[in-house]
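*Asks:* Please put together the full structure from these sequences, using the hints given.
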Amino acid sequence: MSKTYAGNFFEDFRVGQTLAHATPRTITEGDMALYVALTGSRFPLHCAAPAAQSVGFERQTVDDLLAFHVAFGKTVADVSFNAVANLGYADVRFLKTVYPGDTLHSESTVIGLKQNSSGANGNVYVRSDAFNQFGDRVLTWARWVMVHKRDAAAPAPEPVVPQLPAVVSVADLPVPMELDGGDYDTALTRSPYLWEDYAAGERIDHVNGMTVDESDHTLATKLYQNNARLHFEEHLMRTSRFGRRLMYGGHVISLVRALSFNGLANAVRIAAINGGLHCNPSFAGDTFYAWSEVLACWELPGRRDLGALRLRTLGVKNLETEKLAGAKVTVDGRETYHENVVLDLDYTVLMPRRGA
Amino acid sequence: MSKTYAGNFFEDFRVGQTLAHATPRTITEGDMALYVALTGSRFPLHCAAPAAQSVGFERQTVDDLLAFHVAFGKTVADVSFNAVANLGYADVRFLKTVYPGDTLHSESTVIGLKQNSSGANGNVYVRSDAFNQFGDRVLTWARWVMVHKRDAAAPAPEPVVPQLPAVVSVADLPVPMELDGGDYDTALTRSPYLWEDYAAGERIDHVNGMTVDESDHTLATKLYQNNARLHFEEHLMRTSRFGRRLMYGGHVISLVRALSFNGLANAVRIAAINGGLHCNPSFAGDTFYAWSEVLACWELPGRRDLGALRLRTLGVKNLETEKLAGAKVTVDGRETYHENVVLDLDYTVLMPRRGA
Amino acid sequence: MSKTYAGNFFEDFRVGQTLAHATPRTITEGDMALYVALTGSRFPLHCAAPAAQSVGFERQTVDDLLAFHVAFGKTVADVSFNAVANLGYADVRFLKTVYPGDTLHSESTVIGLKQNSSGANGNVYVRSDAFNQFGDRVLTWARWVMVHKRDAAAPAPEPVVPQLPAVVSVADLPVPMELDGGDYDTALTRSPYLWEDYAAGERIDHVNGMTVDESDHTLATKLYQNNARLHFEEHLMRTSRFGRRLMYGGHVISLVRALSFNGLANAVRIAAINGGLHCNPSFAGDTFYAWSEVLACWELPGRRDLGALRLRTLGVKNLETEKLAGAKVTVDGRETYHENVVLDLDYTVLMPRRGA
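Residue numbers (the working numbering), protein chains in the order written: chain A, 1 to 356; chain B, 357 to 712; chain C, 713 to 1068.
You may find that some hints are simply not true.
Simulated coverage check for chain A against chain C, where a stretch passes if three residues somewhere in it have a Cβ under 8 Å from a Cβ of chain C [claimed, not checked]:
1. 4-14
2. 30-44
3. 210-217
4. 224-230
5. 292-301
Since the hints were derived computationally from the structure, they do not count as laboratory data. Ideal Cβ placement from N, Cα and C applies to all residues, glycine included.
*Replies:* What follows is the structure in structure tokens.
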């Protein structure tokens, strides 16, 4: 029997099955420096120990998305090695602060299966969790991917499609106990805008853009130990319909979050990702821009120091966001994403409030 | 009002105005490893803890230019986001040793303003300072940039052009108290040449070259959280007169310093940059070479263990330095930089002296 | 006399001569994070502090090949700056565990010299050793390189060709005292295969491939402070027979080892490299695949917890390994390496054994 691992195919999954993923990883200051170099991120709690300490953290905190990508990367070998497409995320919650020196490992449970009408593949729904070295759950998320069947003739399983929340409700939002927004000083970011200054319906064009080259996205994806072949094998991908390597969609999420600093500088922490969709593929050479809409402004129960903003951020490639009328266009009577829109992300951030 | 930040235009500056810059940054071993990977630097006090300790430092010290780029990067959003060109540096002094774990923040004061005759832009002169977490000033520098006006019809301010020293004098050179050149062992670099071995007028061709690709300069510049658009947005720059992304000039300074190890290996510390000029733009794919002239050899008051060398180092692209007759050529009766010369740097380094 | 260093030529070497190499280097968590980003390596003892501690190490250990490349990089300026080709390695032994924070320096002794019949160059054989900050020898290796003569008319030295072992014998294999394979948990890698599961003659195709871009191999090689010009100077290499920069062969060794995780996940440590040959040059844009053969399965004297596997791993570029009939082909009656085979590596790894 082969000792190598070619990943699971659709018919290898069973609802209720648990997958424990390989290679725990200690996240260090080295990973954090690389994350800054790869994204240009400037959110203060991840850049400076004194900034993190000034609002109650022990020390510098690991960027929410760096922790997510490391935890997510571990699931790829077991869940999406044979994926046709990563279809979506839901109910992503950032439960606990990750500090440099913490070691993460991940586990997944299959929560749904549905063969597609073609019979060639099916959708696999998983709930994944990441834990630190103390056994605390630090991250949880659901995602669904379309996975090839090994054998198209294999029988279809009973379809199970899980109910996933469209949004992480205020009651379920993780708000770190350590974080005291009352001590937050806008001098950290030089942006004066706090939670009270945002209103539902407001749109923010994040101005700057970022071009990604092959080494950028492949270094990021290797850093996360995500080993999906389509990001790394030019030789293989030349014969694919894309003709080249595909960028890890999570790198686009990171870029868009980093760009959103200009306009949302005091969104110091991501609490949840309500949903995310990679609308179009991204490739080396693309320049990414971002554009946000405030979907809702929520007070947090029992907290006068922090509020939450539910945001929709679009990632757009190779087009100034002001030239984009909307995320979608109508083609042949059918509504579809504009070809330059690569990411449609619905997420919730925490932002300090103005003192009483 | 827009929450995003599109930087200051010429008419937004006032002489005497103070700008406190965003996002303090803790420099870590991760940043230092990246600095080596991005430049190939081999100066020993930044590479090895025991080397730094052998001459009196607590531990490994952060490369002078890494600290400078991080401190400088913070000023870009407020000073040079709308720059036409970075015109020059003067009176750059490396005042205090920066250690991994130190957190830097930066402030600038406008010290001069002069509208250009075209009326479309003007020169802004700033003095910038970087401080560590103890409030110690670790770096200071002056620079001037040409900045676009938002409105060409806006009235010109009273011109103020500051007097800046052509050279940081010996009396003003920062010499670290911790550094004891008497304990320096040339086994660290395997170069036997110490301060006494150099003479004014001597020329040194640094032999090696270094090609820079897009990911190299953009990773470096993102690491420094310098967000000037022209380094990062291929989509934007395709329609510029360059047709492509421009390399951050500071990366060229770092490369040239790293290349100068071959010939100046025991120049263990930069004390000052007297002046610097980016003579021609640099782009991905360029191969950089370096060539130095010793301008002066200075004794340091009260120090028998260390001397200073004032150097002029040229950065040259895509041309062997031996093929370069001089930095300048005469074109149509006008003296101008040779098109392959990208950097003309006048700076002062510290070098151990031979024991008595 | 020139203060710059253009390396040694063939006639500069003498048998018995000792070369102490420049710039000691502290290996940090920053270097380790970069190593993961550059190779995608997932071997657990280098990725996670608790994983290393679970088998007896103080903390996370530095990847064997990262330590090797750093130690090797130091020798380049003195040994192979003027090399025509790196001909081979032998008797590479990984003697002691390297931890983050350890500082390495290297020394070499010339153990053989043989001028080639052309008279234009000759083979130089060196034994190199790397030491940590306590003076412990952590690595030792022999290699031979073909080096240009400065002056073709210089007289040939008496030929001395050292006897080098074809394989590091079991008795000479370094087995770390700290490492207790009895405590090893395959949950770390999710691969159930331990030493007993492998058999001599077994072949393993490592499935995944990895494309390398210019920034990847040059960042890696700069990280190792290896300053061989042919890896870095596009301007110089355009006029070479390759027409472009050549990839550092050691980077290919690292990639191939990282790829071998899929099939050899529990090969937790490299004990020795018996021999290595860079069969064909590698360039940016190449996609690397790997294919291993188990040459021997050795018990280790006095150890019931660990065994050794002697492996032959081929690095193959731009060709699926299943399309490769063998490493060699016959061209005009002469056996030679297949043009897509870039590395032929014979090495010995340690792997935990099943409990009694």
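*Asks:* Okay, the segment 292-301 of chain A and chain C, do three or more residues pass the C-beta test at under 8 Å?
*Replies:* violated (count 0)
*Asks:* Holds or violated: the segment 4-14 of chain A covered by chain C, criterion of 3 or more residues with Cβ-Cβ distance under 8 Å?
*Replies:* This one holds; 3 residues, not fewer than the three required, reach chain C with a Cβ under 8 Å.
*Asks:* Go check the segment 224-230 of chain A versus chain C for me, would you? Three or more residues, Cβ under 8 Å, otherwise it fails.
*Replies:* With 3 residues close enough to chain C, the hint holds.
*Asks:* Go check the segment 210-217 of chain A versus chain C for me, would you? Three or more residues, Cβ under 8 Å, otherwise it fails.
*Replies:* holds (count 3)
*Asks:* Within the segment 30-44 of chain A, is the number of residues with a Cβ closer than 8 Å to a Cβ of chain C three or more?
*Replies:* holds (count 4)
Checked against the numbered hints given earlier, the structure breaks only hint 5 and satisfies all the rest.
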